[in-house]
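Number of protein chains: 2
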Amino acid sequence: MGGDEGVRVMMAGVALARRRHDGLRFILFGDEARIKAALDSHPNLRAASEVVHSDSVVEGSDKPSVAIRKKRSSMSMAIAAVKAGDAGAAVSAGNTGALMAMAKLALRTMPGVDRPALAAMLPTLGDNDVVMLDLGANTECDARNLVQFGVMGAAYARIALDLDRPRVRLLNIGTEELKGTDEIRDAAAILRAAEMLPLSFEGFTEGDKIGRGDVDVIVCDGFSGNVALKTAEGTARFVTDLLRKAFTSSLRSKIGFLISKPAMHLLKHHLDPNNHNGAVFLGLNGVVVKSHGSANDKGVANAVHVAARLLEEDITRRIAADMAGVAALSAAASKQEFPVK
Amino acid sequence: MGGDEGVRVMMAGVALARRRHDGLRFILFGDEARIKAALDSHPNLRAASEVVHSDSVVEGSDKPSVAIRKKRSSMSMAIAAVKAGDAGAAVSAGNTGALMAMAKLALRTMPGVDRPALAAMLPTLGDNDVVMLDLGANTECDARNLVQFGVMGAAYARIALDLDRPRVRLLNIGTEELKGTDEIRDAAAILRAAEMLPLSFEGFTEGDKIGRGDVDVIVCDGFSGNVALKTAEGTARFVTDLLRKAFTSSLRSKIGFLISKPAMHLLKHHLDPNNHNGAVFLGLNGVVVKSHGSANDKGVANAVHVAARLLEEDITRRIAADMAGVAALSAAASKQEFPVK
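Protein sequence lines correspond, in order, to chains A and B. Take the first sequence: its letters are residues 21 to 361, numbered as in the numbering used here. Take the second sequence: its letters are residues 21 to 361, numbered as in the numbering used here.
For the record, the hints were derived by calculation from the structure and aren't laboratory data. Relax, there's no trap hidden among the hints.
Any copy, or any two copies together, can satisfy a pair, since identical chains are not distinguished.
Straight-line alpha carbon distances no greater than 27 Å define the calculated BS3-like cross-link-like pairs of lysine-lysine that follow: (1) Lys90 with Lys199; (2) Lys103 with Lys83; (3) Lys91 with Lys103; (4) Lys229 with Lys83; (5) Lys274 with Lys288; (6) Lys103 with Lys124; (7) Lys199 with Lys83; (8) Lys288 with Lys265; (9) Lys288 with Lys318; (10) Lys265 with Lys281.
Computed from a prediction, not measured in an experiment: that's the story for all the values here.
Build the full structure now, drawing on both the sequences and the hints.
Shown next as structure tokens:
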């Protein structure tokens with residue numbers, strides 16, 4: 021029931037995803053009549069779906085504390101299905117805070133993880149996208165949280181970017197060892213020592229290097245991650261708005277624009293957030309993916325694809341194994357009063 | 021002696037600024053021979069300048085603790101001249117951390133200000149630029165710091181943007197009252213109550229709204245400010261790099277580019293950081309302006325212009341007056357155990 025564009029776009033997106041992953045089956049929670057009407061246009065999806073009616077809807081303005089009491093909402097029921105083992109993953113385009121609160125309450129945090137994090141893929145100028153986390157689930161984070169985000173982000177990057185040892189960096193305000201907060205410097209010391217983990221820790225990175233393509237996972241607290249993500253979105257829109265203004269400023273530039281249209285289309289494609297849709301809650305006993313409220317059918321399909329890939333590659337088991345390694349490391353570290361060098 | 025492009029660009033920039041403010045006089049600290057050689061091309065500036073030789077140079081890689089011991093560096097001597105009253109303001113294109121440390125040590129923080137902040141102007145889609153602070157001088161900030169940044173930023177905006185009551189917002193990860201850290205929420209409560217100050221506090225803003233033009237001053241801690249500023253710079257470069265790639269991807273798009281060149285020029289002008297060069301250290305007993313190391317002559321002229329305007333309008337006295345108002349407010353607030361509502 022989430023998403024600004026309603027049931028039809030969600031169903032069109034799921035139908036697209038179903039074509040890509042034809043082994044998938046779907047339980048569609050929401051207004052039964054509207055879902056069934058939308059499925060009339062997608063017989064292929066209908067054949068792979070079960071529709072379950074939900075009575076209530078989590079509104080965008082609902083506080084998490086209000087939302088979690090709506091047990092018969094599509095969001096609540098989808099997460100309950102994951103908890104019960106009826107579904108492998110839940111995908112929602114609804115209220116992010118509500119989804120996070122419900123998912124934490126129902127699925128619980130994995131052993132070894134103190135706090136789950138919200139991760140997403142961002143475009144870069146390199147060959148690969150970059151995984152960034154946390155993007156807003158945890159306003160303040162200590163060194164342990166940041167280390168765990170690094171491990172979880174690397175597990176995600178191994179699956180989504182098909183890498184053996186993703187390059188991990190902590191977001192900071194300079195690349196020198198002395199920069200930043202105690203939390204960031206302590207997290208760096210722990211990650212630097214964690215050589216047995218399937219990741220390569222490469223120190224700090226800065227806001228202007230997020231899209232450069234020379235790192236696979238960027239780790240930060242949820243406040244600065246959210247600021248960075250939104251600033252990047254806002255600036256991209258700012259520049260393209262200026263571009264549009266420039267192109268309509270004279271007849272000559274309008275003609276230039278018409279001629280350059282295929283090139284502009286490439287740019288638009290590269291910046292289209294639908295190609296990167298699907299933020300992941302990492303660190304829960306179950307897979308939960310958030311689709312952006314304004315995503316189109318291609319964006320929704322992408323979010324479902326992300327969920328499918330995480331299931332196929334068993335992200336939860338992978339993170340659990342890596343976390344066991346971190347726990348061993350922390351135990352060793354605490355014996356020698358933390359090897360912060 | 022700072023700046024990637026050396027003495028010639030600095031002198032060309034100062035000469036440009038001198039044309040705009042013909043009452044200004046300059047003391048130029050650095051390598052005397054090189055400065056005098058550069059002045060040969062700018063007789064107008066030479067007539068208004070005194071050259072003072074400095075023996076040493078603060079390197080970009082110097083830690084602040086090393087830099088402050090270089091008493092005979094151009095940076096140190098320029099700040100000492102402000103302290104002695106020989107100069108009204110110091111402008112430097114050198115190492116930011118070193119400049120901040122020296123300025124704090126020599127000029128001291130103003131009465132009523134706990135910590136100085138680094139402020140800059142950013143372009144927007146609106147009619148005015150926006151003042152943003154802190155951009156990296158203070159990694160962690162409490163509510164008092166944020167309130168003081170708001171007051172200092174507003175004083176700067178009144179001068180630089182010629183506004184009576186600048187609109188001030190705190191950077192946050194959502195606009196609802198409950199969002200963010202305790203520090204941010206407490207700062208919001210204090211600013212909301214500060215109706216006698218010459219500013220209009222309008223709540224929270226988010227990273228994607230920095231360039232929208234509907235706020236005059238954006239306040240944040242130095243960590244998230246630095247992340248936001250660098251992310252905005254990086255994303256603008258990212259989009260223009262994509263644009264360049266798109267325009268060179270085919271013969272057709274190359275032709276389109278040639279025709280659109282004047283439009284592209286407009287875009288480039290709007291995004292040119294030289295037009296916004298000159299970050300200001302606010303809250304010190306004296307005016308210190310940081311010019312970007314990569315600024316061209318126009319950029320340097322802009323930084324000098326910023327310093328001149330702050331002197332003309334007596335920023336230090338203005339901030340002192342506003343801070344007295346805040347102190348009265350805080351005293352009243354502490355009597356009623358802080359009116360955080």
